[in-house]
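Quick mapping for you: the protein sequence lines, in order, are chains A and B.
So the first sequence is numbered by my numbering: it starts at 1 and just counts up by one.
So the second sequence is numbered by my numbering: it starts at 1 and just counts up by one.
Don't take every hint at face value.
Which copy is meant is left open, so a pair is good if it fits within one copy or across any two.
Here are the simulated BS3-like cross-link-like pairs (lysine-lysine), alpha carbons at most 27 Å apart as the crow flies [said to hold, decoys possible]:
#, residue 1, residue 2
1, K229, K117
2, K105, K342
3, K262, K113
4, K133, K225
5, K262, K229
6, K225, K262
7, K225, K47
8, K229, K315
9, K133, K117
10, K111, K322
11, K331, K229
12, K262, K160
13, K331, K315
14, K133, K113
15, K322, K229
16, K113, K331
The hints are simulated quantities; they were obtained by calculation from the structure and are not laboratory data.
2 protein chains.
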Amino acid sequence: MRNWSHAWTGAWTRRALMTALASFFVAAALLPLGAFADPLPSWNDGKAKAAILDFVTRTTTAGGPDFVAVGDRIATFDNDGTLWSERPVYFQGIFVLDRIKAMAKDHPEWKDKQPFKAVLEGDMDAVMASGNKGLGELLAASSTGMSVEDFSAAVTEWTKTARHPRFDRPYTELVFQPMLELLAYLRANGYQTFIVSGGGVEFMRAWAEGVYGIPPQQVVGSSDKTEFKLDGDTPRIFKLPAVEFVDDGPGKPVGINRFIGKRPVFAAGNSDGDLEMLQWTTLNSGPRFGLIVHHTDAVREWAYDRDSHIGRLDKALDEAPKRGWLVVDMKNDWTKIYPFEK
Amino acid sequence: MRNWSHAWTGAWTRRALMTALASFFVAAALLPLGAFADPLPSWNDGKAKAAILDFVTRTTTAGGPDFVAVGDRIATFDNDGTLWSERPVYFQGIFVLDRIKAMAKDHPEWKDKQPFKAVLEGDMDAVMASGNKGLGELLAASSTGMSVEDFSAAVTEWTKTARHPRFDRPYTELVFQPMLELLAYLRANGYQTFIVSGGGVEFMRAWAEGVYGIPPQQVVGSSDKTEFKLDGDTPRIFKLPAVEFVDDGPGKPVGINRFIGKRPVFAAGNSDGDLEMLQWTTLNSGPRFGLIVHHTDAVREWAYDRDSHIGRLDKALDEAPKRGWLVVDMKNDWTKIYPFEK
Chain A
1 MRNWSHAWTG AWTRRALMTA LASFFVAAAL LPLGAFADPL PSWNDGKAKA AILDFVTRTT
61 TAGGPDFVAV GDRIATFDND GTLWSERPVY FQGIFVLDRI KAMAKDHPEW KDKQPFKAVL
121 EGDMDAVMAS GNKGLGELLA ASSTGMSVED FSAAVTEWTK TARHPRFDRP YTELVFQPML
181 ELLAYLRANG YQTFIVSGGG VEFMRAWAEG VYGIPPQQVV GSSDKTEFKL DGDTPRIFKL
241 PAVEFVDDGP GKPVGINRFI GKRPVFAAGN SDGDLEMLQW TTLNSGPRFG LIVHHTDAVR
301 EWAYDRDSHI GRLDKALDEA PKRGWLVVDM KNDWTKIYPF EK
Chain B
1 MRNWSHAWTG AWTRRALMTA LASFFVAAAL LPLGAFADPL PSWNDGKAKA AILDFVTRTT
61 TAGGPDFVAV GDRIATFDND GTLWSERPVY FQGIFVLDRI KAMAKDHPEW KDKQPFKAVL
121 EGDMDAVMAS GNKGLGELLA ASSTGMSVED FSAAVTEWTK TARHPRFDRP YTELVFQPML
181 ELLAYLRANG YQTFIVSGGG VEFMRAWAEG VYGIPPQQVV GSSDKTEFKL DGDTPRIFKL
241 PAVEFVDDGP GKPVGINRFI GKRPVFAAGN SDGDLEMLQW TTLNSGPRFG LIVHHTDAVR
301 EWAYDRDSHI GRLDKALDEA PKRGWLVVDM KNDWTKIYPF EK
C-alpha cells in the first residue's frame, strides 16, 4: 500500500506540477514582452516612481474606475528643462549664435553691425544688452528667409557638429534618461506623447523623432509665419521674419487645443511657463497627472528654481501641493540624469 | 503488385493532399482578416479603382522600389465636396444660420438689425447681399465668444437635429461611401489620414472621429484666435471674434507644414482650393498620389465644376492631366454615393 500510495501521490504531484508549469509558461507567453522588467530603471524606488506606476496602471486597467480609453491617453511634455537641459542658455539660442557665425562669411556687413558684431566677437554681454529687439534680429537672420527644408537641414547639421561647453557632447545627448524611460513607458501603455514647448517647432522637429521617438505631427511649438510658393514645378514653404505663435505660458493650452484638440490626461513641465498647461490638464474630471521636473542636482546637472533667469520655477512650485502635482527631485529621484553616465 | 502500388499511390496522394490543405489553411490564417475581400466595393472596376489599389500596393510592398516607411504614409483629405457634399451651400454655413435662429430668443435686437434680420426672416438673398462683412458678423455671433467646449456641444447638438433640405437626413449622413472606404483602406495599410479643410477646425472635430474615424489631432482647418482663462479653479479656452488662420488655397500646404510637419504622399480634394495642397504633395520625389473628386452626378448628388460659386474646379482640372492626378468621375466611378443608398 505504501508503495502504491507513494507512486500515485508522486504521479499526481508530477502531473499537477507539469500542469502548473505549463499554465505559467502559457500565461508568461501571453504577457507583453518585458512585463517583468522595471519600465523606469533610472528612477529610484520611492514616492515619485510609485505615483507614476500607479497612475499608468489605474488608467489602463479595463473595467477599473480610472480607466481611460486609448484614444484619450494624451500626454504632453515641455522640452527645455523637462526633456533635456537648458543651461547655460536654451540650446536653440546657442544654435542661433552658431548659425550667425556660420553665415557671417556671406554677410561681411555684420562685422560692423550690432548685435551681429557682438556675436562674432563672442561678446555675450553685448548680445544680451541688445535686448528683445537685438535677439529678434538674430533669430530672424538665422532662422527665416529660407525654406523649411533648408532650415531643417541646418538644424540637423548643427546637432551633429555643435558640442555643449560643459559636457563636450552633442546637445542632443543632454537628454534626461529617466524622461526617455517615462516617454517609452507611456507609449507602451497606449499613450500618445506630444512635445508642447516654447521652442521653435521646426527646430525641434528636426531631431525629436530620432532622440525622443516623437514624430513631427506630435511636436507643438512656437512658430514664424510661413508662405507657400511654387517656383516653376518646385513647391516650397518659406519661413518669414514674423512671429506667428508663442507656445509658452497661457499659449500652451491654446497650442494644445489648436494642434491636439483634446485635453491631456498627463502633463510634464519644469517652469512657470508650464503653469497653464498643468492647470488645463489637471483641473478636469477623471484621473489626471501633473509632473514638475525640479532641478536640484548641482553636481550632475544644475540646481535652480525661483531666482533663475532661465526656466524660473516659482508660481508653479507654490501651486504644486495644492493641485497634487508630483514634484520630481532630480537629485534624489533619479539614479541617472544623462544616458551617457556610467 | 497492382494493389500494393495503388495503396501506396493512394496513401501518398492523401498525404500530399492533406499537407497541401494544411499549408493552405495555415497560410490563410496568417493573412490579414478580409484579405480576400474587395476593400473598395463602392468603386466600379476601372481605371480609378485600379490606380488606387496599385498605388497602395506599391507603397506598402517591403523591398519594392516605391516602398514608403509607415511613419511617412501621410494622406490628406479636403472635407467639403471631397468627403461630404457641399450643396446647396457649405454645411457649416447652414450650421451658422441655424445657430443664429436658435440664439435669437436671447437677442431681441436682431429682429431689426442686418444681417441677422435677414437670417431670421429666411431672406437668403439679403443674407448673401450683406457680403463678407455681414457673413463675418454672423460667423462671429454664432461661433465665438464662448468656450471651445460649449461650441463643440452646440455643433454636436446640431448634427443630431438639423436635416438636409433635399435628403431630409442629418448632414453627417451625406458623406461619400467610396471615400469612407478609401479612408479605411489607407488606414488598414498603415497610412495616417488627416483632414485638411477650409472649414472650421472646431466645427469638424466635433463629429469627424465618429463619422470618418479621424481623431481631433488629425483635423487641420481654419481657426479663430482663442484665449486661455482660469476662472477660479476652472480653466477654459474661449473662441475670440478674430480670424487666426484660413486653411484654404496656399494656406493648405502652410497648414500641413504647421500641423503635420511632413509632406503627404497622398492628397485628395475637389476644388481649386485644393490646388496648392495637390502641388505640395505630388511635386516631390518618390511615389505620390493626387486625387480630385469631380462632381458629375446630377441625379444622385450634384453636377458642377468650372462655373460653380461653391467648390469651383477649374485650374486644378486643367492641371490634373499634366500632373498625373486622378480625376474621379462620381457618376461613372462610384456605384454608390451615400451610405444610405440601397
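Report task. May I ask which of the numbered hints given earlier this structure violates, with the numbers listed in increasing order? Result -> Going through the list in order, the structure violates hints 1, 2, 3, 7, 10, 11, 16 and respects the others.
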